[in-house]
Amino acid sequence: MNRNTHNRDRQQHTLIHNTYTDNRWRRRTSPDDAVTPFQILGGEAQIVQIMLKPEDKVSAKPGCMCYMSGSIQMENVYAPENEAGMWQWVFGKNATKTIFVNSGSTDGFVAMAAPSLGRILPIDLARFGGEILCQPDAFLCSIGDVKVSSNTFDQRGPNRNVVERLLRQKVSGQGLAFMVGGGSVVQKNLEVGEILSVDICSIIALSTTVDVQIKYNGPMRRVVFGQGENQNMVTAMMRGPGIVFIQSMPFPRLSQSIARVVTSPNMRLRDNPRLLMQILVFSFLAYLVLVLYTDF
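The opening position of the sequence shown corresponds to residue 3 in our numbering, with each subsequent residue numbered one higher.
Do not rely on the hints blindly, as some may be mistaken.
Cut-off 30 Å, straight-line C-alpha distance, at most; resulting in silico cross-link-like pairs (BS3-like, lysine-lysine) [claimed, not checked]:
#1 Lys55 with Lys149
#2 Lys149 with Lys59
#3 Lys149 with Lys190
#4 Lys190 with Lys217
Cβ pair distances, simulated, as ranges [to be verified]:
#5 Pro138 with Asn78: 11 to 21 Å
#6 Thr98 with Gly44: 19 to 29 Å
#7 Ser257 with Asp126: 29 to 39 Å
#8 Glu77 with Glu193: 38 to 48 Å
Note that these hints are calculated values from the structure, not bench results. Backbone N, C-alpha and C define an ideal beta-carbon position, used for all residues, glycine too.
Based on the sequences and whatever the hints tell you, model everything.
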């Protein structure tokens with residue numbers, strides 16, 4: 003690792019630490035000079051508290067509100083057709099969003115909580131060309147003109163289809179979007195032609211300028227039967243320029259780790275093939291005993 007790369011990584015680490023771990027109030031300035039202060043609280047399971055002037059709004063994912071002032075009114079609405087497709091509703095995905103409005107005459111506040119142990123990332127979409135690709139569970143809430151679309155396939159760029167199938171959600175607009183990353187969060191600024199290999203589950207979001215190639219590191223049969231994502235068998239080869247946000251503890255991996263602890267090891271047939279063979283042999287012997295007994 004040369005000195006320039008080392009200094010750049012130190013700057014990225016400092017940026018992540020200063021942006022996502024302190025409790026100072028920050029201000030988001032929109033193109034029309036409107037200022038929206040917000041504050042990120044907590045360490046491992048963070049909360050973002052947003053100050054709202056009268057008639058100001060915040061759009062959020064349902065179920066993420068933690069607390070709010072008395073002047074805030076909330077309403078669940080169906081997302082427009084260009085934000086939540088019909089297939090999203092058919093396959094059981096939530097096709098609604100929650101709008102929080104300050105209906106009072108004084109300033110109010112609303113706080114959104116991360117669904118699990120993780121850090122909240124404030125992302126100004128104007129710095130990403132107005133859009134960014136992310137994992138479906140990464141989006142938390144937004145301020146300003148922000149749209150969240152799923153399963154959108156655009157032919158701009160050689161690998162756009164691959165990237166959008168991989169991340170499956172696009173956040174676009176000119177506002178501020180808050181996203182959640184599990185565990186620790188790392189931001190990588192890729193230069194032109196720079197290559198970074200990342201486990202698929204560890205990707206939170208990336209800019210649309212990043213070119214992505216999928217690489218299978220194990221037998222295809224393990225990938226097809228769902229055993230590849232949790233064993234680093236499917237990685238994304240990313241080529242700059244662009245920005246990539248990476249998480250150390252993805253939510254699916256955390257939930258599966260908890261499920262392994264809760265579930266009795268002797269009941270997991272996939273992880274214990276010897277038990278399955280014992281059951282088959284016992285069933286076959288029991289069948290032979292029944293057949294011989296009926297013959298006599």
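Cross-check of the supplied hints:
Only pairs whose Cα atoms come within 30 Å are accepted, and Lys55 paired with Lys149 is accepted, the gap being roughly 21 Å. About 14 Å separates the Cα atoms of Lys149 and Lys59, which keeps this hinted pair within 30 Å; it holds. Under the criterion of a C-alpha separation no larger than 30 Å, the hint pairing Lys149 with Lys190 is consistent with the structure, at around 25 Å. Restraint check for Lys190 and Lys217: the C-alpha separation of about 20 Å stays at or below 30 Å, so the hint holds.
A C-beta distance of roughly 19 Å is found between Pro138 and Asn78, which places it inside the suggested range of 11 to 21 Å. The hint said 19 to 29 Å for the Cβ distance between Thr98 and Gly44, and at roughly 27 Å that hint holds. The hinted range of 29 to 39 Å is satisfied by Ser257 and Asp126, whose Cβ atoms lie roughly 30 Å apart. Evaluation of the 38 to 48 Å hint for Glu77 and Glu193 yields a pass: the beta carbon distance comes to about 45 Å.
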